[in-house]
Each structure stands twice: as structure tokens, then as C-alpha cells.
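Colleague: Given the sequences, and given the hints that come with them, work out the whole structure.
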Amino acid sequence: MGPGKYDDEVAVLMKSTNAALITLIVVGGEKGEGFSIQTSSPVLLKILPNMLRNMADQIENDASGI
Numbered sequence: 553m554g555p556g557k558y559d560d561e562v563a564v565l566m567k568s569t570n571a572a573l574i575t576l577i578v579v580g581g582e583k584g585e586g587f588s589i590q591t592s593s594p595v596l597l598k599i600l601p602n603m604l605r606n607m608a609d610q611i612e613n614d615a616s617g618i
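Residue numbers for the sequence shown follow my numbering, so the first one is 553 and each next one is one higher.
Distance windows between CB atoms, simulated:
hint	residue 1	residue 2	range
1	612	586	16 to 24 Å
2	578	610	13 to 21 Å
3	594	567	13 to 21 Å
4	585	609	19 to 27 Å
Hints are computed from structural coordinates only; laboratory data are not their basis. Computed from a predicted structure; not experimentally measured. The C-beta atom is built at its ideal place from N, Cα and C for all residues, glycine as well.
Modeller: Here you go:
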């Protein structure tokens, strides 16, 4: 883990949404491509990979009709 290009933006989102975990994926951003993950509960990091796999499957299914 460590500092990411978009950590400041995610910190603002964490505060404004009171979320337990935020994942930000940026494509074509002013700082380039990258991602940032912040959480107040490290336990959530264990379930995040499965959530992202499910999300990827849904995106792939949605994009198949394009």
C-alpha cells in the first residue's frame, strides 16, 4: 500500500460520505491513470477483491451489448 496519486480526493470523499471504504479508479485524469483505496476498517480489504470481481463481471455483461 502506500501513497497514491488520488489519495487527497478519496480523503475528501471519505469525510463527505462518511463511508467505511472508498475505491476510486481514474482513467484519463489530470494526474494520469491510477487508483486509491481508503478504509476505516481494514477487515473490508478482505472482501474488496470479491466485490471488484463481481463488479467486473457486471461491467463485462453490460458492455457485451455495445
